[in-house]
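Guided by the hints, dock chain R onto chain Y, whose structure is given.
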Amino acid sequence: MLEACVFATVLCGFLGIILKHNLVMKIISMDVMSTGVIAYYILIASRSGLFTPIVDNKENVAYADPVPQAVILTAIVIGFSIQALMLVGVMKLAKNNPTLEASAIEENNTP
Amino acid sequence: MTNITIAWLVLPFLLGFSIYLIPKLDRIFALGIALASGVYAIQLFLESSSLNLQLLDNFGVSLTIDRLSSFFILTNALVTAAIIIYCWQTGKKAFFYMQIAMLHGSVNATFICADFISLYVALEVISIAAFLLITYPRTDRSIWVGLRYLFISNVAMLFYLVGAVLVYKANNSFGYQGLLGSPPEAIALIFLGLLAKGGIFVSGLWLPLTHSESQSQVSAMLSGIVVKAGVFPLVRCALILEEIDPIVRFFGVASAVLGVGYAIWEQDTKRTLAFSTISQLGFIIAAPAVGGFYALTHGLAKSALFLTAGILPSRNFQELQKQGIDAKVWLVLTIASLSISGFPLVSGFEAKIITTKNLLPWQTLVMDITAIGTAITYAKFVFLPSNLLTKNAKEVVKKDEKTKIQSGFWWAVTILIGGLIGANVLYYEVYTIPNIVKQLITIFIGWTIYLLILRKLILKLPRVAEKFDHLIGVMSLMLILVFWMVRI
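Line by line, the protein sequences give chains Y and R.
Using this note's numbering, you'd call the opening residue of the first sequence number 1 and step up by one each time.
Using this note's numbering, you'd call the opening residue of the second sequence number 112 and step up by one each time.
Same shape as in the complex, but just chain Y (with noise of 0.2 Å):
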C-alpha cells in the first residue's frame, strides 16, 4: 500500500514535468518526482524495522538499515542543489520571458 502510494507521487510528478506549462511548475513536479524517489529509499530501509540504527542500551531491536539512508541524503542534498541552480536559471529567463511559459522559451531559443 505505501509502496503505491510511493510510485503514485513519482508518477504525478513526472506527468507534472510533462503536462505543466510553466516552467517553475515543472521545476516543483520535478521535485515532487525526487519526493517519492526519497520517500521510495525511506521505504526499503524500514524493510528490517523501524528504530533509528544508533547505538543504545536497548536489546534486540529491529533497527532500519541505514544505508539506503546515508546514500539518500546525498541525493538530497544533491537534488536540493540542481533545483537551486535551475530556480536561478529560471529567474534569469523571467526577464525577458515574464510568463514562463516552457513552449514560448523553447520556440524563442530553438534556432
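Just so you know, the hints here were simulated from the structure itself, not pulled from any lab data.
Don't take each hint at face value.
To be verified - To give a feel for the contact side, a few chain Y residues facing chain R, derived at Cβ under 8 Å:
#: 1; residue: Met-33
#: 2; residue: Ile-105
#: 3; residue: Glu-106
We put the CB at the ideal spot given by N, CA and C, even for glycine.
Chain R in isolation, oriented as in the chain Y frame:
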C-alpha cells in the same frame, strides 16, 4: 598504486577549488590536472592487471581500474588539455577553468567507480559542471539550453536512483555485479538513466541542440568526453554481465543508425557533428570489449572537429560551399573526418576494424551500412572547397579571418591530431590488405553517393522529437522498451 589513484582522483577537485583562491594560476592549474590524468592513464595502460579498491568499509565506495578505464581517462586528459590550450588567450575567467577542472575530475570518477551510488554522484556533478559551462555566456538561449540539459539529466537520474535502490533491495549492495540478481525493472530504470545521460538512441535526442548551441570549446568537451561518462557504465555492465550484453549491443546498433540517419540530412555543421556523436556512441557500445579504443579515437577527432567548426566563417554547409575555407583549417577538418570515417593511416581506421571484428553476426550488416553513412556524413566536410584549390576573389577578407584564428587553436588541434595519428601504434597489426581495401571501398561508396546524389538533395527532417516535452515523454516509452527487452 592505491595511494596514487586516490591522490589523482582528488587532485582535480582540490586544484579546482584552489583556482578560485588563486585566480591568476587558473590555466596552469587546469592544465596540470589534465597532464596528471594523462600520465596516470599511460601508467595504467602499461600495468596489465586491474585494480579493485574498496574504500571506507563494506558499504563504501568501490573502484575498479583497468585497461578499459585507461583509454577513457587518456581521452579525457587529451581533450581537456586541448580545450584549455584553445581557451588560453580567449580571456575566460577563473570560473570557467574551475568548472573545467570539476568536470574533468567527475568524468574521471565515472571511469573508475564500480558501484551505482558513486556513479550517481559523479554523474550529477557532471550535470552541474556542464550546466555552468553551457550557461557561461549568460545569454537567454544558453540558459535555456543549459536548463533543458539539467532538467532532462536530472529526471533521468531520478529514475536511475529508483533502479539503484531496487538493486540494493535484491543484493544488499550497490555494486555493478548486483545487476545480475535484480528484477528486470531495476535494470530498466538504471539503463534509462544511463541511456539518457549518455545520449544513446532516442533518449539522446537532447544532444543535438545542447551540443550545437554551446560555445564550440564547450561542445568539444561535451561531445568529446562528457557523453562518454554515461556510456562507460553501460560498457562496463555489458562486460561484467553476459545477460546484459545483447541489450547494450542492440542499443548500440539502433543508436548508430538513428544518428547517421539524421546526420546525413543536416545542413548545419555543428548539428551534423552532434548527430554523428549519437551514431558514434552507438559504435562504442556495439562492441563493448573494444569500446575503449573507439572512444579514444572518436573523442579526439570529434573535439578537433567541434573546435574547427567553431572558427569556420559560417555554420551552414551551403554557404561554406560558396565561400570556401582556409586551406590549413581544411586540412585539420579532413584529417579528423577521415579518422571518423575510418581511413587508413589515422587511428580511426584501427578502431573501426577492431570494432567490426568484435561485432556479432546479426550486427555486421547494419553496422557496415552505418559505416557508409558515416563516410557520407563526413564527405560534407572533406569536400568543402579550400582556398588553396579555388583561389577565391575574396582573399582580403580571408586574410582578416586568418589573423583572427588564435595560435591556441593550432596548438589544441596539434595535440588532438597528434593523438589521433600516435594512437596508430596500439593496434598496428590490423594493417592488412583486406582490411585496408574494405575500408577504402566503404569510404569510396560513401563519397560517391554523396557526390552523385546527396550533394544536391536537401531534405529537412522535422525537429519534433527534440522538443522538451517529447524528450521527457520518450523516457517513459524507453522504460517500457528496456523492461520488455530484459524480460525476454
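Each hint, compared with the structure:
The beta carbon of Met-33(Y) is positioned within 8 Å of a beta carbon in chain R (closest approach about 6 Å), and the interface hint is therefore held. Hint status for Ile-105(Y) relative to chain R: holds, with the closest Cβ pair at about 6 Å, below 8 Å. Here the hint on Glu-106(Y) is kept, as its CB sits about 6 Å from the closest CB of chain R, short of 8 Å.
Consistency note: the structure conflicts with none of the earlier hints.
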